[in-house]
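Colleague: Throw the hints in and build the complete structure from the sequences for me.
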Amino acid sequence: MSILVRPPKRKLYQVEHDESPRKDGPGVAPWGFRSQPSSRRSSEQCEPHSGGSNTPHATPRELNSNRASPVLFDNGPLQTPRKFINNASVVLIGIRGTGKSSLAVILAAASGRRLIDADRYFHQMVGCSRAIFKKDNEHAVYRQQEAKVFESMLADNQEGCVIACGAGSMERSGQRLLREYAQTHPVVHITRDPESIQSYLKAWDTQKVRHFLELSGPIYRGCSNLEFFNLSEATNAAAAVTHGEQEGGKDKEGHDPSPGPKLDQRLQSATPFLTLKRLQRDFLSFIAFITGDATETRRQHSSFPLSSLPVETRRYTSAISVPFSVLCEKELDIEELEFTIDAFELAVDVTRTPDHMGANSNLAEKISQIVALVRRKIIVPLVYHVESYTTPPGSSSPSPNSRSSDETYLNLTRHGLRLAPSFLTVDLSRDDHIINQIISAKGTTKIIGHFEAYQPLPGGWDGDEYMKVYERAKRLGCNVVRLCQPAESLEDDAALQRFRHRIESFPVSSLPLIAYNTGPLGRRSRCFNPTLTPVTHPSLIQESPTLLRPSITAREAQQALFSSFTLDPMQFFVFGANVEYSMSPAMHNTAFEACGMPHKYAIFQSSTLRGLNDLVENQFFGGSSVSLPYKTEVIPLLHSMSPHARAIGAVNTLVPIRNNDDMDSRLSRESSIYTEKGRAGPIKGIHGDNTDWIGICNCIRRGLSPANAVRPTTTGLVIGSGGMARAAVYSLIYLGVENIFVYNRTLANAEKLAHHYNRQELLFNEETRAGGRPRVSTLRSTSDPWPTEYKQPTIIVSGIPAHSIGGQPAPNFNVPTQWLESPTGGVVVDLAYKPLNTPLMKQIRSLSHRGWVALDGLDVLPEQGFAQFELFTGRRAPRRLMRTIVLQEYKNEEGHDDPSAIRERLQHLDGQPA
1 MSILVRPPKR KLYQVEHDES PRKDGPGVAP WGFRSQPSSR RSSEQCEPHS
51 GGSNTPHATP RELNSNRASP VLFDNGPLQT PRKFINNASV VLIGIRGTGK
101 SSLAVILAAA SGRRLIDADR YFHQMVGCSR AIFKKDNEHA VYRQQEAKVF
151 ESMLADNQEG CVIACGAGSM ERSGQRLLRE YAQTHPVVHI TRDPESIQSY
201 LKAWDTQKVR HFLELSGPIY RGCSNLEFFN LSEATNAAAA VTHGEQEGGK
251 DKEGHDPSPG PKLDQRLQSA TPFLTLKRLQ RDFLSFIAFI TGDATETRRQ
301 HSSFPLSSLP VETRRYTSAI SVPFSVLCEK ELDIEELEFT IDAFELAVDV
351 TRTPDHMGAN SNLAEKISQI VALVRRKIIV PLVYHVESYT TPPGSSSPSP
401 NSRSSDETYL NLTRHGLRLA PSFLTVDLSR DDHIINQIIS AKGTTKIIGH
451 FEAYQPLPGG WDGDEYMKVY ERAKRLGCNV VRLCQPAESL EDDAALQRFR
501 HRIESFPVSS LPLIAYNTGP LGRRSRCFNP TLTPVTHPSL IQESPTLLRP
551 SITAREAQQA LFSSFTLDPM QFFVFGANVE YSMSPAMHNT AFEACGMPHK
601 YAIFQSSTLR GLNDLVENQF FGGSSVSLPY KTEVIPLLHS MSPHARAIGA
651 VNTLVPIRNN DDMDSRLSRE SSIYTEKGRA GPIKGIHGDN TDWIGICNCI
701 RRGLSPANAV RPTTTGLVIG SGGMARAAVY SLIYLGVENI FVYNRTLANA
751 EKLAHHYNRQ ELLFNEETRA GGRPRVSTLR STSDPWPTEY KQPTIIVSGI
801 PAHSIGGQPA PNFNVPTQWL ESPTGGVVVD LAYKPLNTPL MKQIRSLSHR
851 GWVALDGLDV LPEQGFAQFE LFTGRRAPRR LMRTIVLQEY KNEEGHDDPS
901 AIRERLQHLD GQPA
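Going by full-length UniProt numbering, the first residue of the sequence shown is number 1, and it counts up by one from there.
Read the hints as simulated data drawn from the structure, not as lab findings. Treat the hints loosely; a few may be bogus.
Said to hold, decoys possible - Taking lysine-lysine pairs in the BS3-like style, the calculated list, with each CA pair at most 30 Å apart, reads:
{"no.": "1", "residue 1": "LYS330", "residue 2": "LYS83"}
{"no.": "2", "residue 1": "LYS834", "residue 2": "LYS752"}
{"no.": "3", "residue 1": "LYS330", "residue 2": "LYS208"}
Quantities reported herein were computed from a predicted structural model and do not represent experimental measurements.
Modeller: Here it is as structure tokens:
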């Protein structure tokens, strides 16, 4: 029997506030969880503790307390392969106040999964609520009925559901069922900082909540195979919680947050429609990754073309290594650390833990929280690395006597797998049975076999020992191999190159290799290591002056590649008939300089398309932006096009093809990321791409509240019929919007645009939209009511100019009020930015109290520029910097905009995606 439990009709941001703490009598925590007694736990340990791990500034050593904890009904940590059946149901568990309800609604709304709430399921199965049944029956009868209902709920909802479990699920039989279910399904332990839990529950004090989290953590971790830390919007990273970012001026619980940087004020409104926006992004990315949902993962990564190419297969990538202890003890700008790098490595520098990870809830919780904080701030893959050795005070290298035990190493690594990082390292100096336990439970995480020698092995790189390590990593099932040893002379760099050549000359495909020398003499080898070179940041150099920690920055590594002529300085342009006032040169040139690239980006204005020949004849031509009127005219001159550009019927990005391998059909099926970057030479062809749709798509995501998540009934509206309107329609289709309307003053042009897409078969989410197909329709007049058979639009994109053109007055367009009756508001993206404060923007901002969010052309320009930067250079874009330059370069020519509005935006910038 399958029971559909529908979510209540309420605002998403109200979900957590509907439930008041239950009063189950004395001895029961306010969230309904009954702690199991243990004879090994003294009465003193049952009370809140002070100092040590209960203080906000607890260090890793202080977090390693050895307090007792509740005993699991099933002893030992949960072992699971984390390989799930197709469309497996997702189970969420955790104490009250951690946000299970909100996360369940978010996932159900975004993915189309059925929402199963354990309490409502009990009511439907039994005919009354838990409280009433418990009151009318003996305790043993209640427990028996509860177990029966819980078993039925899991058995009858194996696929396509998200199941939010209550505290009753954690009784003896519930733990057993969850452990069994976790063999084939994701069972996610949801946790949260004690300050936010206490603020929501309004019960006990924070110290008691913290202590209860410590006691309950092992039980919940023993019944789950994954863990997600619900990062609150307003807490302090320096106080062992998150940075003070808030939306709508208040945190999720409605309280004034601690001081800290705020989000863009234009996204704030009188009601917290966007409160859960970043949480939505983090959680959906997490679920897509653990379930192997390639469609959703691809959709989430569409903002950044490089994400479609595995980082370990790209050339001259870098990874910043940041110690866990530093993130605990020092407030760092994580977004600044991620600046232009390709992966973020969290180095867990903890060498001693209690008998099993679950017994030290404080440490496990802290690691989960730091991982959540890092993920909130980065877009690149996360590498989870457990260090096996520590460096004694006053020494520059680790001590062989400081190696952690196998048990400690295994516990820390297992906890890392629960957090589902993109990569996790395994110490190849450990025995096979330790490594096999880790690799067998990796799920979708890729494994980096890591071996660091503290003195050169016999024969060095020219000997056989490193080859044996490499072959062993391959045999054990690693996805990448990372080897390093201290350099004793400059000859070691040459030996390393010979070793790499031996690997690359294998007749069969080899595993990606990360290999470099450590110490001062090994700096050059790090620069020329082509895959995930370990780098640092100026703010970290003084924190880690050891031989093994990286001592070069990403910028220095890039500069070395150009100084050695490994890469060439390229020339980029914006090509169009009227591009004199383009802000793209300032945006890209500033980014090039910050990244250590000697590239140049200039304006190339031409009255005819023939001017493109001058660009193509330049052997240092690296690529070009394309502006009006050539976005469609240039298509016949191209040798290949990305599928996005082909579907839209316009290009805004040109990339040269120099390598014969780039001329194959793969390039036309994919993107210009496959073209060779940073090398000059004769040009054999031109590839066309389009990033306009990415800029629009990102802004839609940025302003679309979780309550308006795209569903089969979602409706979108595009104003205009030009090239940007084409890109807007494509963005809506890509996001999964099936009902799209176009309004244009000239109806024939709107109908032509609708026909362009209706004749195509564009399905980006076939799995969840079975039978659904996007349909583009037209609206005849602004005086007409909204079509009654369709829901009111929640996504509106305007592609018409807001300034005078050729002496003609500005259109002065407003959306008809009868088209703005969505009960949950929506997002409006106005592609114009001359002026910024267009009539449409004024109209939508006046409706912010109804949930409408307005974004303008200065939001879109840098978003599409990030994608262009990646296509041009093969490197990550410095997002916050590029946003800053666009705002600084904006010139208010017609005097319609308030200069203070630009200053306000500059004060609250970040580089985060939607």
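Colleague: If a hint holds in the structure, say so; if it doesn't, say that too.
Modeller: Against the structure, the hints come out as follows:
Distance hint between LYS330 and LYS83 is unfulfilled; the C-alpha atoms sit about 37 Å from each other, more than 30 Å. Taken as a hint, the LYS834 and LYS752 pair is honoured in the structure, with Cα atoms around 27 Å apart against an allowance of 30 Å. A distance of roughly 26 Å separates the Cα atoms of LYS330 and LYS208; the hinted pair therefore holds under the 30 Å criterion.
Comparing the model with each earlier hint shows a violation of hint 1 alone; every other hint is respected.
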